[in-house]
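J.: This is what each chain is made of:
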Amino acid sequence: MNALTRAPCPTCRTLTVAIRSENPTAPFCSTRCKLVDLGRWLDESYGVPAPLAEDEDELESLPVSNARRGDT
Amino acid sequence: MSEQYDETSIGVLEGMDRIRKKPGMYIGNVSDGSALHHLIWEVVDNSVDEHLAGHCKTITVKLHADGSCSVRDDGRGIPVGIHPDKGISAATLVMTELHAGGKFNNNSYATSAGTHGVGVTAVNAVSEYLSLDVWREGGHFHQDFVRGEFSKDIVRVGDSAEMGTRVRFKPDAEIFAIVLDFSSELVEKRLRQMAFLNSGLRIVYHDERGAKEPQEFFYEDGAIAYVNYLNEGKNTLHAPAFFRGDHETMIDDRMQKIRVECALQWTDSYHEVCAAHTNNTHQTNGGTHVTGLRSALTRTINKYAQSNNLLKETKGTALSGDDVREGLTVVLSLHHPHPSYKDQPKTELVVQDAKGAVEAVIAEGLARFFEENPKLAKIIVDRGVLAAQARAAAARARELVTRKGALDISSLPGKLADCQERDPAKCELYIVEGDSAGGSAKQGRDRKTQAILPLRGKILNVERVRRERVLQNQEVGTLIMALGAGIAETFDPEKIRYHKICVMTDADVDGSHIRTLLLTFFARQMPEIIERGYLYIAQPPLFGIKRGKKIVYVKDEQALAQRLIDAGIEGVRLVCGEQVIDGEPLRKLALDQHRAQSLLGHHGSRVDVRILGALIRSGVSLSRDVFDSEEKLQALADTLSAQVALENPELMPLKQLIEDDPGVGRKRLIVRARNGSGVRSVIDEDLMISSEVRELDAIYQRARALGPLPWKLVDEKLRETPVAQIERLYWVIDERGRKGADIQRYKGLGEMSADQLWETTMNPENRVLLKVRVQDAVSMDKTLTLLMGDEVEPRRNFIEKNALNVRNLDI
Chain F
1 MNALTRAPCP TCRTLTVAIR SENPTAPFCS TRCKLVDLGR WLDESYGVPA PLAEDEDELE
61 SLPVSNARRG DT
Chain G
1 MSEQYDETSI GVLEGMDRIR KKPGMYIGNV SDGSALHHLI WEVVDNSVDE HLAGHCKTIT
61 VKLHADGSCS VRDDGRGIPV GIHPDKGISA ATLVMTELHA GGKFNNNSYA TSAGTHGVGV
121 TAVNAVSEYL SLDVWREGGH FHQDFVRGEF SKDIVRVGDS AEMGTRVRFK PDAEIFAIVL
181 DFSSELVEKR LRQMAFLNSG LRIVYHDERG AKEPQEFFYE DGAIAYVNYL NEGKNTLHAP
241 AFFRGDHETM IDDRMQKIRV ECALQWTDSY HEVCAAHTNN THQTNGGTHV TGLRSALTRT
301 INKYAQSNNL LKETKGTALS GDDVREGLTV VLSLHHPHPS YKDQPKTELV VQDAKGAVEA
361 VIAEGLARFF EENPKLAKII VDRGVLAAQA RAAAARAREL VTRKGALDIS SLPGKLADCQ
421 ERDPAKCELY IVEGDSAGGS AKQGRDRKTQ AILPLRGKIL NVERVRRERV LQNQEVGTLI
481 MALGAGIAET FDPEKIRYHK ICVMTDADVD GSHIRTLLLT FFARQMPEII ERGYLYIAQP
541 PLFGIKRGKK IVYVKDEQAL AQRLIDAGIE GVRLVCGEQV IDGEPLRKLA LDQHRAQSLL
601 GHHGSRVDVR ILGALIRSGV SLSRDVFDSE EKLQALADTL SAQVALENPE LMPLKQLIED
661 DPGVGRKRLI VRARNGSGVR SVIDEDLMIS SEVRELDAIY QRARALGPLP WKLVDEKLRE
721 TPVAQIERLY WVIDERGRKG ADIQRYKGLG EMSADQLWET TMNPENRVLL KVRVQDAVSM
781 DKTLTLLMGD EVEPRRNFIE KNALNVRNLD I
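So the protein lines, in turn, are chains F and G. Start counting the first sequence at 1; every next residue gets the next number (our numbering). Start counting the second sequence at 1; every next residue gets the next number (our numbering).
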């Protein structure tokens, strides 16, 4: 649970209490960092890797596994 | 007495009377305590001026039990000789005549805080009694006053080697009718401040009215100590920086020095604290010196940031004054020979040359400080950059929600197909990946309660080598507006228009990435949505199993395997030696084997799957003690070799090497296929105690216990299928399950018809929605951080691993 209670603020990386009942701006350290984050969403600064045309097929053809690691 | 009762004294009496009749004009408000304390400040200021002139080291302030206050300094002592024009002692003159004193002549005091003569006279006038003691010229002199009047001249009461002045006065209850008690706290604060502003001056403070101990305030580097004091309990980013400089300028037709002292320190708070002083008096409303300070800060920080290329995030836009001063604590102290203020209490400095003086000293000092502390400079600039970004974001957020009619449903962007229902508790919003799926969803939905918002993101090429998908600015805006609850400081979860918000993305890597983006956005900007349980993940099927006219949809590989096993075991039994198994136990056995395949398929890069498989299937005891000795490990190696020869002869011959396991004190086995040319497999204690291997071992042990191989599967018509190896069982059953079935895999939502989408994913009767929990959101955030990470290697590993795991992101 410790890992859940304190985590780096997504904006400034300061270790921050990540529980909203204790920190209303969680997961951010502050309203300001939360605002900066909003600005980045609106700026299209947050991207996830998009498959290239050729490796889209490659990714698709990988075996899809149903193993649930660590469940045991 | 009668000799001195001449026109001079009458003038004095008139002055005293004027002050007593209109005290507010001279000492401020007598009813709220401000004038009362002002009396102390006036007297103390005189002593501080002695310090500034270089003659006083210690000032002792006492609050006495009778309600009086005394201030003693070790300065030169007020001159006691007879004033040539007035014919009375200069000390008496200072105490009784307005505008007497040495401070209008800048030669006696270069800079001073005192009120130039009004002060101590006014204190005398409003005091029930005032006693003056002066030590100088080898003697001790004394004089008493009652409400500003004296009946005896100053007299020498004895010899003394001491130096200095002591003034003890008791405020007159006739004048201070409402507040007559000094506030110890206020006096302490002021005296401490005086000590901060006058490095090297010792101030002793004793409130004798209670049982308090005397306090002493003494600071070598007062401005720095003051900053430290103001920042107590805050997280500071660096040790205070200190700048001092004399600025020469023309004042009153001659070159004079304005001395500037400044200590400053940034903290991680968002407040700016600025304590600005001129000649020891605090300007609560700032003034020209503060203007100079601010201008120097903004200019110097921007200059440094620009020349060091630190403004990438703001795209080169300069930081504003507010941005750079966020979290800054400054103590500014100015010594000016001829200051002027906007008002009598000196709350705002207006003298114009103060601006240039402060600006020059601070700009130079700060520039040097940055050059010497580049890391710190970067931290300070970065803070300013964040502040600027936050300001810009706040403005955009405001614009977004206050745009004319933004919250009016009819003005919602065209892409949203809203529902008819208006009760949020009954409304659902489907956020659908892609325009074509969005189209199907619009056709297939229940218009009454289901709204559709198609979202496809946008692909950006980052540095040519990387392609990234981002949520378009417009899409984020549309999403915020569609939810109707505002954003940032205006966000109100009570106003959310849908109490079910379902994220529906393709069952592929790209879909999972878009889902990660969306969930992270919600978790960060609207965590209330998740806390209230409004956020869901729709589960479109990955497979359709068609038998005749009937289609069964299943959500993932696991579910497909289960369905096929269910069909495959129908009407068959497994004969293994003495035992015969069917129904549920057979189903479990087949599921076990399916699980074993995926466990094996999942094993990492440290071991060849075929080697590990052979090891498990060989039936050798997989206990930890095989690594204790070379003999036991050799036996295991031999068994393994035999099993590999049986299963995969093309891997033979194996090259096996037993060596010390570094750090464990045991042995390990290194295996390479095809005489060393194949993948290197490490068989060690770590591998053996991993949960995967233990589970695999357990599965095989359970299966072996059923009876000796070969087994056989017998169907209703008594046809037999031999099962030579345990794992063959799953393949045989799976093959049976697939008979007569047409299995379709849906690559994307777009491949489903509107009806199919409705039937499988949107119809409340059939659909399975996964509620997003707070902890899921946390892991999504971590996922996003990893996906966006700059380090290529962990990022690629992560993506590859998750490509395998698309359907099973832990959610």
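Note that these hints are calculated values from the structure, not bench results. Hints should not be assumed to be uniformly reliable.
Pairs of lysine to aspartate or glutamate residues, derived as EDC-like cross-links and limited to a Cα-Cα distance of at most 16 Å, are as follows [stated by the list, open to error]:
| # | chain 1 | residue 1 | chain 2 | residue 2 |
| --- | --- | --- | --- | --- |
| 1 | G | LYS315 | F | GLU22 |
| 2 | G | LYS257 | G | ASP246 |
| 3 | G | LYS458 | F | GLU44 |
| 4 | G | LYS312 | F | ASP43 |
Examples of chain F residues toward chain G, derived with CB under 8 Å [what the hints assert, rightly or not]:
| # | residue |
| --- | --- |
| 5 | PRO10 |
| 6 | CYS12 |
| 7 | ARG13 |
| 8 | LEU15 |
| 9 | VAL17 |
| 10 | ALA18 |
| 11 | ARG20 |
| 12 | GLU22 |
| 13 | PRO27 |
| 14 | VAL36 |
| 15 | GLY39 |
| 16 | LEU42 |
| 17 | GLU44 |
| 18 | TYR46 |
| 19 | GLY47 |
| 20 | PRO49 |
The following label-pair restraints were derived from C-beta to C-beta distances [as the list claims (entries may be wrong)]:
| # | chain 1 | residue 1 | chain 2 | residue 2 | range |
| --- | --- | --- | --- | --- | --- |
| 21 | F | SER45 | G | TYR270 | 52 to 60 Å |
| 22 | G | ASP322 | F | VAL17 | 55 to 63 Å |
| 23 | F | SER45 | G | GLY286 | 21 to 29 Å |
| 24 | F | SER45 | G | LEU709 | 40 to 48 Å |
| 25 | G | VAL609 | F | VAL17 | 24 to 32 Å |
Source: prediction; values computed, not measured. Ideal placement from N, C-alpha and C gives every residue a C-beta, glycine not left out.
J.: Are the hints correct? Go through all of them and say.
T.: Checked hints:
no.: 1; hint: G:LYS315 with F:GLU22; in the structure: 35 Å, violated
no.: 2; hint: G:LYS257 with G:ASP246; in the structure: 6 Å, holds
no.: 3; hint: G:LYS458 with F:GLU44; in the structure: 9 Å, holds
no.: 4; hint: G:LYS312 with F:ASP43; in the structure: 14 Å, holds
no.: 5; hint: PRO10; in the structure: 6 Å, holds
no.: 6; hint: CYS12; in the structure: 7 Å, holds
no.: 7; hint: ARG13; in the structure: 10 Å, violated
no.: 8; hint: LEU15; in the structure: 12 Å, violated
no.: 9; hint: VAL17; in the structure: 13 Å, violated
no.: 10; hint: ALA18; in the structure: 7 Å, holds
no.: 11; hint: ARG20; in the structure: 6 Å, holds
no.: 12; hint: GLU22; in the structure: 13 Å, violated
no.: 13; hint: PRO27; in the structure: 6 Å, holds
no.: 14; hint: VAL36; in the structure: 4 Å, holds
no.: 15; hint: GLY39; in the structure: 3 Å, holds
no.: 16; hint: LEU42; in the structure: 5 Å, holds
no.: 17; hint: GLU44; in the structure: 4 Å, holds
no.: 18; hint: TYR46; in the structure: 6 Å, holds
no.: 19; hint: GLY47; in the structure: 3 Å, holds
no.: 20; hint: PRO49; in the structure: 6 Å, holds
no.: 21; hint: F:SER45 with G:TYR270: 52 to 60 Å; in the structure: 23 Å, violated
no.: 22; hint: G:ASP322 with F:VAL17: 55 to 63 Å; in the structure: 27 Å, violated
no.: 23; hint: F:SER45 with G:GLY286: 21 to 29 Å; in the structure: 37 Å, violated
no.: 24; hint: F:SER45 with G:LEU709: 40 to 48 Å; in the structure: 60 Å, violated
no.: 25; hint: G:VAL609 with F:VAL17: 24 to 32 Å; in the structure: 44 Å, violated
The structure fails to meet hints 1, 7, 8, 9, 12, 21, 22, 23, 24, 25 from the earlier list, while all remaining hints are met.
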